[in-house]
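Chains as they are written, first to last, in this note's numbering: chain X, 717 to 1149; chain A, 54 to 735.
Since the hints were derived computationally from the structure, they do not count as laboratory data. Just so we're clear, the structure is a prediction, and the values are computed from it rather than from any experiment. For each residue, glycine too, the CB sits at the ideal point set by N, CA and C. Some clues are possibly wrong.
[Stated by the list, open to error] Among the chain A residues that face chain X by a calculated CB cut under 8 Å, a handful are:
1) GLU154
2) THR388
3) PRO399
4) LYS402
5) LEU422
6) LEU621
[As the list claims (entries may be wrong)] With the C-beta cut set under 8 Å, the calculated list includes, among others, these residues of chain A facing chain X:
7) MET386
8) ALA398
9) ALA405
10) ASP423
11) PRO427
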Amino acid sequence: MTQHTPIGGRPVFVVDGSRTPFLKVKGRPGPFRASDLALGAARPLLARMPFEPAELDEVILGCVMPGPDEANIARIVALRAGCGQRVTAWTVQRNCASGMQALDCAYSNIANGRSELILAGGTESMSHAPLLLSTEMVTWLAEWNKCKTIGQRIHVLRHLKPKYLQPIIGLLRGLTDPVVGLSMGQTAENLAHRFSISRLRMDEFAVNSHLRLGRAQDEGYLREIETLYDAAGKVYAQDDGLRRDSTVDKLATLAPVFDRKFGHVTAGNSAQVTDGAALLVLASEQAVDKYKLPVLGRIVDSQWAGLDPSQMGLGPAHAMAPLLSRHGLTIPDIDYWEINEAFATQVLACVEAWKSADYCRNELGLSDALGEIDNERLNIDGGGVSLGHPVGASGARIVLHLLQVLARNNARRGIASLCIGGGQGGAMMVERL
Amino acid sequence: MTESNTTSCHWHLERDQAGIAWLRIDVADGNVNVLSLAVISELQQKVDELVRNPPRGLIIHSGKPNGFIAGADIKSFLGMKSEQEAAEFMRGVHTVFDRLESLSCPTVAAIHGFCLGGGLELALACHYRVADEDQGTRIGLPEVLLGIHPGFGGTMRSIRLIGVPAAMDLMLSGRPLSARAAAKLGLIDHAVPQRHLLRAARMLVLDPPQRRQLKPWLKSLNLPLLRPLLARYLRRQVASRANREHYPAPYAMIDLWERNASDPKSMLADEAASVAHLVMGDSAQNLIRVFFLQERLKAAGRDSRFKAQRVHVIGAGVMGGDIAAWCALQGLMVTLQDQSPERIAPAVKRAAQLFSKKLKQPRLVQAALDRLIPDVAGQGVPHADVIIEAIFENAEAKQALYRTLEPRMKPGAILATNTSSIPLQTLTPALQHPQRLVGLHFFNPVAKMQLVEIVHSPQTDEQVVRDASAFARQIGKLPLAVTSTPGFLVNRILMPYLLEAVELESEGVRPELIDRAAVAFGMPMGPIELADTVGLDICLSVAEILGQSLGNARVPARLRALVSEGRLGRKNGQGFYSYRNGEPVKARISAGMTLPADVTDRMMLRLLNEAMACLRGHVVEDEDLLDAGIIFGTGFAPFRGGPLHHVRERGISALRGRLEELARNHGARFTPDEEWQRLQAL
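Bound conformation, chain A alone:
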């Protein structure tokens, strides 16, 4: 083997005795390969070298255990100053990838682990692709999740390789594929066991097969006559999921194809311009911000060496049962305790459904079910590294439980409560070691909601908070440390918004209109439907608790009336809406329905005002964490970058003025929090 003589930090080029060039990417200073400017320009040197001195074939593979290439370096998108600069960067990459693609020898990408975004675009510029069939292999084009679309030639090359429908689905959903699924689509040539990965790549070089041809009917979709029809269909599909104003990227992708499908060259040029325009826009910049907020949450607990093997969950209701199932899904041994087998059985059933949906292979489903052990007798307590209490919201019952638990727990085990309303300080008197109690506040549905609030009181040991955060990371959740103040962060901020919606409804505004206004703002679900989904009884009890302690959350009489009528929401089919097959029956919105002009402001400003109060009360450490918590805990319009970021974009003084106006018209609940003034003065 001979190492080439140019200096290499990220790419290592070797030739073997058969004359095959092996180009290994192993990006310096980082455990993940990402394509930064430096990595691209070094690739350029390597490709130039290969053009000058063509090998028998080229195999690109990764030296990182965790994968091939995770994508472009997102940090570089934040630093770009103008559309021109961004477009320049994309065009530079296009030049390198085009040269790679036009090498006369066979070229193969050997893929394992992450092969996402720019990584897949690089692989698409090779003649063949093979991938490790392991579960860890993830192949996809997730750019749309950052408010952009592929910019390294991926739009053109994916459509050329697998046809418009499959390529658009890949890019519009952003969903990563397993190696097998990718092979089925034709995105890669072979999915092979890891032991054969490099061998398969080598055999493709030595005996290159005919390259894949697109089926004629798939090719015909690019014809000028058919294109507008399909484009219109795709736009309709996207419209049901994303609003063009909030999320321009998917629409830009469809436009790009519709304009250029017949000409790869012009499509590449247009791709660079389009993605440069998107990346400088608010939506992308905010979504990229959200990506980094997520990275920050992921980093929590990194300084703890805590690693749980066994978890004991007490209370097999919706929350406890689903938390137990989630932990078992993530590979932990879980004992699930409740008063009788009949209370645990429904949780086992839900777990079985979750496991089949997520794991698919019966063998893996079985193994996950084997890890979830019903445990009426509570035998799991002395073995557990984490004990999660998820019984009903009653302080005395919880205290009584802790008294029996604590002496049986193993030293160093975490005692966590999933309470959503009881402050830890109320519970700690039952404990010999109050410093070990921490809140692990999961959100419903557990399998979907990424955030877990790590609730700490002044008594909670800091190490326990770190350990609990590490545990949340271990089970693939996003931990956010919050103080043990009423409602913690997420429910506290959400509640005034929900209550204002209820207030509007009792003033006679149609619930359909209220929900539509919130969705138009960018919320994932309208507040009325959300209240029904959470359960009106639960909303009422949280509202009462918050009302008592915070004083600003007057509980609307309408909510009380519905609960006393037994209308509890989606769970019993009757709430603000009636439910048929679990779906709300909504009236068609007609022109005659009137909507007061300040509906959106009334709801959103109460949310933002409460966010200010939380910031002032140091419920979380800083503004960014607050934004992260609200985005990942409620789905708050991600393209707005979080509530406080949104405040800053709209202008602090403007919004504060609007609040004062609302306070004059609608009452003291709109009085701006002191924090507005402090931020304004900064």
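Same shape as in the complex, but just chain X:
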């Protein structure tokens, strides 16, 4: 069983994992906060482990926008899940790849011998993203609070302007790159333009994503989902963003939302805004032996890459390429791929980039094109477009689901990857034993 990892340490095993259903945001705060979601995945996962939660070494969670009561959300989740006071916990943030970052940190800590047993993953309640007050309003409130007399109050009140009351939608700010001044959707428009990806191709991709998720639900392929229960007695059992009746014709009626009027990217061919969490248990060989743990697979390697923020959707193309070359592998050596569907066009662009000799030479420093990823091996059970992209959670979800896909098809090796707002890519290679 002993195989060294490329980062020079002990092998790292994925024992098991769970995720919540991904729940589409319906314009108001959803029933679960980010910590509730993480707990919804963690409790059943820990319940089926042969060890006690207190025997974990640490809990690492990715989360982009924890609520105001969720500072270091990983610690909150660890305590609420009954891990006890001694299990340490920390939260990581690498924007859309926060969940994968958590796995990477866990991978690294087990490989280098700091930990034996880690609960890691990501959570996001995008519906609970805050509404913020403008700086003008905050400044005005500070003056108001200083007032001691009614006269002072009347004076300060005269300076309150209606525009101060306009709230700032935290979610939109979070999905905008402040350095290049583009929304994430606009960076996707850039890729469509660069690789000449038509609206029709994007919409076809989106329909396919829904069809694949529909089939996966019908066939019971999504066994990693754990039902959520709210305090009102309501049950949430499945990803609710699925549109089984999605067609290209219907999608064609949607207006572009980022580059209004003339753009291609619509709500229908972008990832849905959802709430969800995905958690995995990672273990060293010693821990696997000690507790006789089942093993889903092994994390072989991981890679991060940086690129132009205005082309951030190509991140996977940049992060996955070094993984292949480091291990002397080519596209056919990888049995299945998960590339997070932030935007239909962005996944299509990654495929195009690897097909392009120009791109591979100029941008990836390779001698020739890498070739084409087989569509039948890519996101075979749907992705962000159909089931949504709770930013902190997706990175963990795709790694977990990739392992399920490999097991189901009795395949060996896979790569999961995602693009990261701000111009990065992350990729993780896993294999079954």
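With chain X held as given, fit chain A onto it using these hints.
Chain A alone, transformed into the frame defined by chain X:
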């Protein structure tokens, strides 16, 4: 610090460098501070010493981790031989507390944990009170629950401090308050974190603030013109909850105030006489008996070291779901299994409601919900210390379940069934280790009913019975070991009583009259309404099972007819009564409605006769446990001290004669059990 030179067992007096006297109560031989005669007389010595040599201030605090003072020593009330003796005792305490109160230096009670009854009365005799704001702090005057009222000056001092309405509410309900609630009422001066308790007491002594004054309008309620009005209002309030004949104490309390409100001295004298009269009465003596029965149930399982951390409940119906919620409320990690999430979700909803009601603070509600884990896959089984099966009443289904459970259970885990009708012996063949199966029979509603029957068959390991009892105590319930005979104890005794009520109804007696007769006897709810509440289908099935095995419970045709018409009781809005918003629609009782003279006897004597049969069959160990089970399992008139105690008070031979008479008039179901004769002969 200097320790005083008199001998001390219960009170320890020290003076610090600032000249403050610290009087610590730490009652010898006991882990709870209670005010017995000896403790009071030692307090007297200490107070005398303080009067002779006044300190800069006095702080009274407790050396027991669990609290300040839990109350007067109730045992001493049982031993009193006459009203004069009781009144003498009260007057003695008054003298000590009066001297304490009149110390010229500032006096402070520093309270944590229990501060109840006589404990609070002592604190009220101090000038100031501070209390630990922890959840464990319980401040109140619960005397009324024992059929008496405060007797150590508490009636006068509480009214003087917080006014009639609040003080009467405190004393009439007997409900304990949290430190924060007590501070809000003005009953204590400050609720502080434990780390500041003694510091706060010290600061009050060093810099005593103005003492609390009652608001003028509250004072005015004591005026002779207003008093009778308010007294009448209070009596009406009490009347809706307690009958004067059965529970004289709350009325005595109101009378006491109405007679003496303007004069603290006469009120104290009257208080002593009034409480002495009450304590010697039947109601108080029986309620005190019930208190000790409860203490006895609490002691069960004390010799077991079993402590559960995880509980797995199978079956998320009303019983299973509510048992799971109760366990989570009590701090256990609970997995709740059923066939689908949709079956578990309503239990989660009910749990959320229970938690908000009991815990109030959102943080604690969240934590309790976090401990309740829906578990369709049954992942909790191998981790559970206790597995409670609460699926539908079908022996084959239960056996099949046990076969899959047993190999997955961890060694030493308890396997418990919540069955109310299937004998354990029917279920054990499915088990490799039948000795580990025990019944944990909870009552509906789980959150309200204190009793849990610990059902054991001849095969059940005695240690398992002890462990199961310890578990019941761990979750704050009262365990009662019963044999695995049909109906166990509570349902078996209750059923003939319910069936007789149904019989009366089918003879044409109005259900409202039947219920009123039972309530007049002292039952918490009439039998017809109770049958509707339990569910007529459930009553029918229990009655049939008991009828088969015991042979004396003929099932009235009326019950069968209602069930076949689909009238199932409160749950579907139609039973003997119709229900509107969950409440029965009862006809007004008019003079024209006639009630046969033997209604109460017919119902109650069938209950008592079955109690005799249970005693003869050794369903429980002894008479007292039987009484305890029926009181805490059914709410049987507590002021009567339990069914068998009631039999002895009314006279065994008289009641047996009455049964024989009923048997002649109404049939063999009234034939006295042999046990009557045996008890009579003893």
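So, going through the hints one by one against the coordinates:
1. GLU154: For A/GLU154, the interface hint is violated, since the closest Cβ of chain X sits about 44 Å away, which is over 8 Å.
2. THR388: Holds, about 6 Å.
3. PRO399: Holds - the Cβ of A/PRO399 comes within 8 Å of chain X, reaching about 5 Å at its closest.
4. LYS402: With a closest approach of 3 Å, the A/LYS402 hint holds.
5. LEU422: It holds, given that the least Cβ distance between A/LEU422 and chain X is near 7 Å, below 8 Å.
6. LEU621: 22 Å, violated
7. MET386: 6 Å, holds
8. ALA398: 5 Å, holds
9. ALA405: Nearest chain X Cβ about 4 Å off; hint holds.
10. ASP423: 5 Å, holds
11. PRO427: Since the shortest Cβ distance to chain X is 5 Å, the answer is holds.
Consistency with the previously given hints fails for numbers 1, 6, ordered from lowest to highest.
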